[in-house]
Amino acid sequence: MDSIALPAGGRAGTSNPAAAARRSEAFAGWRLAGPAVALLALLILLPTIAVVALSLTDFELGYDEIRFVGLDNYLELLDDRTFLISLGNTLTYTLIVTPLSVALGLGAALLIEADVRGRALFRTVYFLPVVSLLVAMATVWQYLLHPTIGPVNALLRLVGIAGPNWLGGSDTVLLSLAFIGVWQAVGFNMVLFLAGLTAIPRELYAAAEVDRAATAWDRFWLVTWPMLGPTTLFVVTISVINAVKVFETVSTITQGGPNRASEVLLWTIYQEGFVYLRVGYASAMTVVFLGILMVLMVLQYRALDQRVHYT
Amino acid sequence: MSGLALRGISKAYGDNHILRDVTIEAQPGEFVALVGPSGCGKTTLLRIAAGLDHADRGSVWLGERDMTAMRPSERDIAMVFQSYALYPHLTAGQNIAVPLAMRDLTIWQRLPGIGNLMPSQRGIRADIQRRVLETARSLRIDHLLDRKPGQMSGGQRQRVALGRALVRSPAAFLMDEPLSNLDANLRVHTRAEIVELHRRAGVTTLYVTHDQAEALSMADRVAVMIGGRLLQFDTPEGIYSNPAHIEVARFIGSPQINLLNGEVDAAHGVRIGGRLLAEGVNARPGTSVTVGFRPEAIKLGAPEQAGLIASVRRIEFLGSETLVFIDLAGGGDTLVAKLAPSDATAFALGQAVTIMAASRDVLVFGGDGARLSVSPPMRMVANG
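Chain order of the listed sequences is G and S. Numbering of the first sequence is given in this note's numbering, commencing with residue 1 and proceeding in unit increments. Numbering of the second sequence is given in this note's numbering, commencing with residue 1 and proceeding in unit increments.
Simulated from the structure, these hints should not be mistaken for laboratory data. Keep in mind that this is a model prediction, so the values were computed, not measured. Note that beta-carbon positions come from the ideal geometry of N, C-alpha and C, so glycine has one too. Incorrect hints may have been included.
Claimed, not checked - Stretch by stretch, here's where chain G covers chain S in the computed footprint (C-beta under 8 angstroms, at least three residues):
no., segment
1, 46–53
2, 73–81
3, 92–105
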């Protein structure tokens with residue numbers, strides 16, 4: 001009888017099926033990630049590279065000539081008084097808006113979560129500023145803060161204080177804009193905190209009560225605050241980014257004035273790029289702006305990420 | 001040491017009655033298990049004892065102290081939660097220290113940073129550290145004190161939760177299914193450890209479980225709750241061999257008790273399909289009753305012996321014992337008998353057998369589920 005020849009392996013040539021399987025899996029992975037990678041490259045990576053490239057030129061919109069100038073734009077920034085003022089103003093604005101909007105957002109979330117009546121009403125009311133169009137609301141703020149006909153100063157007059165020209169005085173304008181910024185950010189932060197609060201296991205509060213954490217203050221520091229860590233980190237991050245990006249209120253209400261007292265980064269970039277059409281120079285500012293944001297984020301996550309995630 | 005008493009507790013959410021007039025009094029140092037199927041209200045009862053929920057009616061007493069209106073933090077009661085409820089941002093040691101820090105340090109001394117400047121806190125903190133270590137040693141978790149809950153196994157977390165409850169020597173312990181998240185081996189092991197801990201500490205303990213084996217093996221007394229009512233509160237032996245209600249008989253025991261429908265005849269005997277099973281039952285002639293006997297109470301005999309006639313349907317060998325499932329002749333009822341494996345070898349599938357039980361092992365329940373007394377003590381049942 002003839003011996004039966006068994007086929008020696010599935011496909012000829014593939015000496016190692018495991019390696020082949022790994023390769024095909026890696027390929028499938030890239031194929032699945034492909035659309036996202038392509039879009040990211042097209043919409044974020046390429047424009048960023050383009051901005052960096054433009055920042056090294058003297059390109060101006062409307063002129064045909066374009067010249068490579070190296071780091072000249074950046075050197076010019078160092079002596080640009082407007083840019084430096086704008087940098088300082090943005091910093092001040094962020095330092096006021098971020099802590100206030102985070103603290104007030106958390107406070108509002110805690111109050112709403114504390115089982116009061118009209119929870120849905122308060123949630124909606126606090127969230128309204130987020131959905132309202134800031135450009136439209138700017139008019140309202142202009143009226144509210146008007147030195148003579150504004151209700152704010154009218155109230156102050158009732159208690160015998162002569163209110164300042166909130167949006168017109170160089171001492172108060174940044175403060176007023178920061179106030180509007182807080183007004184707008186609180187609702188958003190509150191919603192994020194509310195989501196964070198509902199994710200805290202109820203049993204932890206029960207355990208805290210049994211463990212003699214008798215007051216709300218004790219339970220806040222024992223359970224709520226540490227458990228909100230990841231949410232707080234996220235809220236602070238978002239708040240900083242939004243504060244650094246302040247533009248709408250400046251552009252609609254003050255246009256950087258009076259006397260550059262409300263000049264902020266995005267407004268300055270906008271002026272250089274779209275009013276004076278100095279695209280190269282504006283690009284250099286943009287790169288600095290992006291750099292600041294990235295450094296802030298990296299610092300924040302390096303410093304805090306390990307301390308807010310416990311598992 | 002003081003006892004823990006729940007008196008006349010009722011609780012309802014709208015029309016949904018969770019608890020109906022439940023009274024449980026645990027003697028000082030007693031280990032009481034609350035057992036029942038899920039949704040029977042046992043966890044709610046425990047939360048009421050802790051002060052985390054409030055009863056609509058009834059009172060909670062610790063010794064001579066009426067705690068009904070007290071907050072959980074004032075009750076001097078420790079609780080172990082089913083999920084353990086450890087603070088995930090604190091290490092095991094810090095978790096165990098929380099109740100002591102809350103009790104012994106003032107609000108200013110507890111403030112991070114500033115608290116360290118407060119006078120006399122150093123001594124208190126050292127004392128807390130010492131007692132945390134002591135507790136951790138007794139639970140053999142002293143090597144885990146620097147780990148966070150996320151870095152520990154379920155069994156280790158469970159010990160930390162026990163430690164947090166033990167450390168402040170409370171007047172009473174409440175445990176809410178503390179073993180249900182452990183794997184089977186660890187569960188049996190930890191069962192023994194908790195009993196041992198209780199024996200050493202001697203603290204009155206209320207232990208909620210849905211696992212009857214846990215309740216029977218650990219507790220001094222077992223409270224069986226079904227549908228928001230306390231059906232029986234007795235020693236494990238009493239609960240098992242002398243159930244007061246058909247639901248108790250059904251819930252306790254594995255495999256389940258065998259139940260057959262019968263009728264009381266004119267001579268106060270109970271008959272199933274015309275055969276006399278028991279005599280002297282305290283019920284009116286003609287009433288329907290349910291007769292129950294435990295799987296281990298059943299004796300199987302050769303077909304020519306007196307008894308209920310049946311045939312073997314399935315045999316399950318379980319190592320230390322063998323379960324024999326038998327179909328009753330003329331009815332759809334299937335009974336299960338628990339035999340020693342050596343005794344079970346005499347039977348084969350499809351074989352005809354007779355079923356017998358000693359009269360003291362036969363339980364008779366009335367139509368409302370309540371146990372009926374039988375007098376005089378029954379003779380051997382199923383004669384012919």
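Hint-by-hint comparison with the structure:
{"no.": "1", "hint": "46–53", "result": "holds (count 4)"}
{"no.": "2", "hint": "73–81", "result": "holds (count 6)"}
{"no.": "3", "hint": "92–105", "result": "holds (count 4)"}
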